[in-house]
Each structure stands twice: as structure tokens, then as C-alpha cells.
Amino acid sequence: MVAADKLLGAVRAMVVTVDGRGTIVDARGPIEEYLHHRPDECIGRRATDFVAEEDVDLLWAGFGQAPEQTEVRYPVPFRITLVGRDRQEVLVDVLVTNALQDPEISGWVAVLVPHRAMATVTEPLELLLADEPLPVVMTAALRALSGPTPAGWAPFSVALCYRSGDAERCEDCRDERCSACRAGVVAVPGVPAPLLDAIHSCAATEVVPLWRNMPVGTLRDVQLDELPLLVTAVARVHGLVAARVATIEVEGRVEAALLSFYDERSWARAQGHWRQRWERVVQVLAVALHHRRAQHRLQLAATHDGLTGLANRQHFLAALHAYRGQVAVLYVDLDRFKLVNDRHGHFAGDRVLVEVARRLREACRAGDLVARLGGDEFGVLVFGATTEEAESVGRRIIEAVTEPLPAGVGPPSIGVSVGLAGSQAMLGGLAAVVELADRAMYRAKRAGGGRLAVAHPPQRFAAVSGAKAAESDGAGERAAADDGAAPGTEAPAAIATATATAAAAATTRPERAVSA
Numbered sequence: 250m251v252a253a254d255k256l257l258g259a260v261r262a263m264v265v266t267v268d269g270r271g272t273i274v275d276a277r278g279p280i281e282e283y284l285h286h287r288p289d290e291c292i293g294r295r296a297t298d299f300v301a302e303e304d305v306d307l308l309w310a311g312f313g314q315a316p317e318q319t320e321v322r323y324p325v326p327f328r329i330t331l332v333g334r335d336r337q338e339v340l341v342d343v344l345v346t347n348a349l350q351d352p353e354i355s356g357w358v359a360v361l362v363p364h365r366a367m368a369t370v371t372e373p374l375e376l377l378l379a380d381e382p383l384p385v386v387m388t389a390a391l392r393a394l395s396g397p398t399p400a401g402w403a404p405f406s407v408a409l410c411y412r413s414g415d416a417e418r419c420e421d422c423r424d425e426r427c428s429a430c431r432a433g434v435v436a437v438p439g440v441p442a443p444l445l446d447a448i449h450s451c452a453a454t455e456v457v458p459l460w461r462n463m464p465v466g467t468l469r470d471v472q473l474d475e476l477p478l479l480v481t482a483v484a485r486v487h488g489l490v491a492a493r494v495a496t497i498e499v500e501g502r503v504e505a506a507l508l509s510f511y512d513e514r515s516w517a518r519a520q521g522h523w524r525q526r527w528e529r530v531v532q533v534l535a536v537a538l539h540h541r542r543a544q545h546r547l548q549l550a551a552t553h554d555g556l557t558g559l560a561n562r563q564h565f566l567a568a569l570h571a572y573r574g575q576v577a578v579l580y581v582d583l584d585r586f587k588l589v590n591d592r593h594g595h596f597a598g599d600r601v602l603v604e605v606a607r608r609l610r611e612a613c614r615a616g617d618l619v620a621r622l623g624g625d626e627f628g629v630l631v632f633g634a635t636t637e638e639a640e641s642v643g644r645r646i647i648e649a650v651t652e653p654l655p656a657g658v659g660p661p662s663i664g665v666s667v668g669l670a671g672s673q674a675m676l677g678g679l680a681a682v683v684e685l686a687d688r689a690m691y692r693a694k695r696a697g698g699g700r701l702a703v704a705h706p707p708q709r710f711a712a713v714s715g716a717k718a719a720e721s722d723g724a725g726e727r728a729a730a731d732d733g734a735a736p737g738t739e740a741p742a743a744i745a746t747a748t749a750t751a752a753a754a755a756t757t758r759p760e761r762a763v764s765a
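Here this note's numbering is used: position 388 in the sequence shown is 637, and no number is missing along the way.
It should be emphasised that the hints constitute simulated quantities derived from the structure, not laboratory data.
Since the structure is predicted, the reported quantities are computational estimates derived from the model, not experimental observations.
Using N, Cα and C, we set each Cβ at its ideal position, and we do this for glycine too.
It cannot be assumed that every hint is accurate.
[What the hints assert, rightly or not] Ranges of calculated distance between the beta carbons of each label pair, as one might list FRET restraints:
no.: 1; residue 1: 500; residue 2: 525; range: 23 to 33 Å
no.: 2; residue 1: 297; residue 2: 555; range: 57 to 67 Å
no.: 3; residue 1: 485; residue 2: 550; range: 40 to 50 Å
From just these sequences and the hints, can you work out the full model?
Structural data, given as C-alpha cells:
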């Protein structure tokens, strides 16, 4: 019996016996470690005193699954939250044995297994299935590695560095400024801020940290000297002596690195069972990052052009509708593009469009929205700019696009015409500002191309006759000026229809520019 008592007191799970009235009559295991109550302090108290209020009914339902049952059995475990001293919470899985008919027990025996003590990691997966944001899922995964804080075992720090990869440009959307692909750091609360800053600095600069040189899927225990010098110095200041590093694979390439830092006491306990739990967390993070990449690609497919990586027409019009500040529209059309397809082939035409898209990004300001509206036509939303500032952007576009094209792209060079309409045209509705920019662009084409024309909106806009006149005028201008635009380019009336559709579909109204 003495040996059994020692065994129950040493197990990592908490074992509690509750009588038929719900009073705790025996308590064993690491109760003080998790709840900060000694086992003897729990005896004589109601079991519900240690259970979160929202889980009390679930506890009694679990205890009462088979009240008339005479044999001992293990029902399906259930999960509740325990509340310890100072209101700290511990999530546990509960397995209840019905021993009401046993004269020596006359109650229930509950085995409580804290999630932090299990090698299996479920909380971040459940959050992922609930479609919680990626940082929330990551934080839950890292929290699973925080560990309890019993006497003699100090908590260790965990941080996660994640990035899109070594490529300068996002491999999905091809944009160097893609906010969805920037490197970042997620950490559990309590990690020293200087340590996080050092990790982030090494991940975001030209310095090549240890984890970028590690093969895909590698897990290593390392001494601090093997880490970047800045990280090593900061870690030592905080009494840390060693680290564990793993690279996380997504689609066959290193997508992230997971780091844990240990002091002397925690390092001695970091092997064995906790190493297995660590490996499970790495697997969960790989699933979460793969899910993030898949979601990002779906979003890009819905809002971006597949050839150039620019925003598509729907995203362009929805952004115009959502923005509430001053905005200017640049309507950009390539000159004599049909000749490129006729003389050099459609593959060469595609290469020209990709190169023009790159130059448009570089010519515009950070935060402006560049879109491919169809065929060889592009649009730019210049947010928060005066007409003069927008004209400056338009002139930079002309200069950039008309520079000689790289060898092998197709023709030696390509021309471009730009039309500009300021936000004062918004008085005529969403369609008016795009329509006026489009008509201004055709004035630039008729004047010989390679130039910018500024639209001057009329004093008033007629709801019906004005739209019909614009459609008629636009068709005439295109017939006179079009020297070979790709077939399928939409007329201003089609833009008006698409604008109305995008406006109805837009669900957010951000106060600042939408970036692509």
C-alpha cells in the first residue's frame, strides 16, 4: 500500500477520488504543480470548487454517465478547465471510473491529464479547424511548449520565426511588398523583448542565421555559441544556456524555424517525453503554415491576375469603392500592342505584359494599387494624392514603360498612353471616375500616344442620357484610336456594370489604401 501511495503521488496525471456527494476524499499527483494547492488542501472540498463555472455541468454529466452501473469501466474522456489558486487555468482531459458500488470507494475516481503534460498537441489543431487567425494558432502551439513550473524547473522561452522564403519576391503574388508574406515573430507571453528583437533582426536582415542553413525538417539541440552572435549575447544576459531549433517544411522547402531557449534546470528536463511533444508541435505548425499558404493562394486567385500577379478588375473596383479619401485613377494602355502579338506571337505578348507589370509596380508609390483591367490595359489607384502628384506618377509610368525591353522579351520597346481622372469625378459615381480616365487615355492615344492626358469632369452627370452618350462616345473613340489592343477589352459601359457589381460585393470600407 505504501508503494502504491508513492506511485500515485509521483505520476504526471492528477488522480482524485470524489464521493457520492461530490466531495473530494483523496487527491494524488502533481496537483500543487498545476493548481498551486497541496493535495491535502483539496480533501474535504467540493470538486466543483476547482472547475471553471462554464464546465460544472459537463463535469457532473461525465460523473453521471452510468450511476447505476456496478462494474468499473472507463467512459470516453471529456475536457474541462480547472481553476487553481490565483485563478490560473489548466485545461485537462478527464477519465472517470464509476466506483459507487465499491464499498471501499463509494464514489468516482477521476484521472486528470493536463494538456501541457501530454505529447499529443490538440488545441492549435482545433483552433485551425475553427478558422482562427494564424498568429492565434501559432501562439497556442508555442504555449504547448511552455511547460509547467514546478519547483526546480524554470519555464523556458519559445519563439517562432516565419517567412515566405529566401526569394526577394513573394513566389505566389510576385510582389516584394506583399504584406501577407513578410517575415514575423510569434512568441508566448513572457519571452524577454530584447530576445525577440534579436531573433527578428537576424531573420529580417542580410545575416544568415543557423536555421536558414539547416536542411528541411531538421531538429537540433544546440549550444548558444552556434546561434547568431546577437541572439547568443541576449540569451546569456537572461540566464539561458542552450536552445533547440527545428526547421519547418511546407511543400518541400523551409518555411519557418522554431526555437526554444532553456536555462540549466529546464535543459535537464527537455529530453525524452518533452522532446516528443516538441516534435508534435513542429508537425502542427507545418500543417498551420501549409493551410496559410493555401488560403493565401485562394485569395490571390480571386483578387489577382494570373499572368502578371497584379490586382484584377474586381479588386481594383472594390478598392475604389471602399476608399474614403482623395484618390486619382490612372488608366494605362499599351500602344500598338496588337502588333506585338501579330509579329512576335502571343507568348512574346505575355512576356511584355509581365515586364510592363513589373515596371508599373516600381514606378508607383508604396501603397498605390496597380491592376490589370484586361488585355493590355492597366489601372492605378493613386491614394491620397493631388492631381499634380498623380500626374507625376503617370509621367514616371510613361518613362519606365517606354525604356527598352530586355533581350528575348519580344519587340525592342513598347509605347504607352495614360489617362488621369481626379477624385472630383467621384461626384458622378464610381463609374464616372474610371470612365473619364479611360476617355482621357484615348485622347492621349489620338494625340500620338506616349503621353498623359488629364480628364476634366463636366459640371453635372446625367444618370441615363450621360451614360448612353459616354458609351457611344467611348465606342467611337476606340474605333478611331485603337491601333491593336487585345480583343475582349471592355468598354466604359462594361466598367460601369462591373463597378456596380464590385460595389455591391464590397463588405469593408478601410480608411487607408489597399495594397496589392
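Looking back at the hints listed earlier, which ones does the structure fail to meet?
none
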